[in-house]
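There are 2 protein chains.
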Amino acid sequence: MRFYDCKTAPSPRRARIFIAEKGIEIETVEVDLRSGEHLKEEFVALNAHATVPVLQLEDGTCLSSTTAIWHYLDAVHPDPPLMGASPIERGRVADLQWHIEMGGFMAMAEYMRNSAQGFKGRALTGPVKYDQIPALAERGKQRIERFLAEVDDLVGEKPFVAGDAFTVADIDLLVLIDFAAWRKLALPADATHARRWYDAVSARPSAAL
Amino acid sequence: MRFYDCKTAPSPRRARIFIAEKGIEIETVEVDLRSGEHLKEEFVALNAHATVPVLQLEDGTCLSSTTAIWHYLDAVHPDPPLMGASPIERGRVADLQWHIEMGGFMAMAEYMRNSAQGFKGRALTGPVKYDQIPALAERGKQRIERFLAEVDDLVGEKPFVAGDAFTVADIDLLVLIDFAAWRKLALPADATHARRWYDAVSARPSAAL
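Residue numbers (the working numbering), protein chains in the order written: chain A, 13 to 221; chain B, 13 to 221.
It is worth saying that the hints were derived from the structure and are not from the lab.
Note that this is a predicted model, so its numbers are computed, not measured.
Among the hints, a few may not be true.
Mimicking DMTMM-like on lysine to aspartate or glutamate, the simulated pairs with C-alpha atoms at most 20 Å apart in a straight line are [what the hints assert, rightly or not]:
1. LYS153(B) with ASP143(A)
2. LYS153(A) with GLU157(B)
3. LYS141(A) with GLU162(B)
4. LYS19(A) with ASP44(A)
5. LYS196(B) with GLU150(B)
6. LYS141(A) with GLU150(B)
7. LYS141(A) with GLU157(B)
8. LYS141(B) with ASP143(A)
9. LYS141(B) with ASP44(A)
Restraint-style ranges between C-beta atoms, simulated for each label pair [unchecked claim]:
10. ASP44(A) with LEU51(B): 28 to 38 Å
11. LYS19(A) with PRO200(B): 39 to 49 Å
12. GLU162(B) with ALA97(A): 32 to 42 Å
13. ALA97(A) with ARG14(B): 18 to 28 Å
14. VAL140(B) with ALA60(A): 26 to 36 Å
15. GLU49(A) with SER214(B): 23 to 33 Å
16. ALA60(A) with LEU51(B): 51 to 61 Å
17. ASP91(B) with GLY133(A): 44 to 54 Å
18. ILE38(B) with ASP143(A): 39 to 49 Å
19. TRP194(B) with THR40(A): 43 to 53 Å
20. PRO146(B) with ALA128(A): 19 to 29 Å
21. VAL140(B) with ASP143(A): 24 to 34 Å
From the three backbone atoms N, C-alpha and C, an ideal C-beta is built for every residue, glycine too.
Let's have the full structure, built from the sequences with the hints guiding it.
And the structure:
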């Protein structure tokens, strides 16, 4: 098994933290996105979508989405359960994770990819070139600001996003907040539940990865 | 348990077909999106995202994303396995489903919501009003056309998208193709594998729902 990673990108970090929390050892290959290694023939042969992370399994199957990597590893290594233990928890964690991905990561991607100079002509991941759309950058920024304003209510008094246990919903929210901070977008100053939660999850050894 | 549905929208159909394939009976409530019932106080109290489908569980939990509804029901009713039986299948099905959702449904949503008269001022689902972005409609149309051109290779010689068994990857691809047809976008005429697959899955009783 081989994990194709990139230390500077947010998506692979979602998989890295999961792998660390499960306590799994996987051979890791660093892919240099800055020099465009993900767009080269050798890498596109593994993943036609030209994105990281990728988990290559023993039989050659390449999983090229974070959720698929999570589902595979969770089925092979059920403990600790990071995607919910009971059916209700599995549903609730999947729901929270999906909303954080759609409302948070998709909004950040809209903002970043349609405004940053380095993404000119590359407004979507993948091999096809798409021009930046300035109005979409603006919409993405509005959306991520609205999302960050709602994190305090999302977390509330609970130790973790989904309740008493650390799950993929915490992984996604942590990675998203650090990604947003890179563009100077932060949790509101009075988001005390969210800040308490953020400090706790950031202190876990997996968060340093 | 109660399922909040809308017969005319593509997302709830993804859950409806899944429920039918599992052979589960669930009390269903029709939500009239055309008259804006999903934006009214009573419904937003169940689902702040103001979208269908919603699955309300016995304990009051409301799952408001199709994937969460699938994961909950799959954990309670594992047979037939619609999300993969083995760990590798679970990973592969999750991967295919994610790519169909991102490359297919997201592209259709970009196209539809940013061009149709009926979505003026409602370019994203949810309670917040966002203006349509014409350039995003155009990009969405290009993306969905590219996606449809690739379905033949995605299906290939296999009976189903993920291999020998019908899964959520088939559900999503079927619903997507019918959704695209509604806007006069179709599989290429020479997509023989895709058309053979489409005819087979469309003939299943669940597809009539």
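### Query
Which of the stated hints cannot be reconciled with the structure, identified by number in ascending sequence?
Numbers 2, 8, 9, 10, 15, 16, in rising order.
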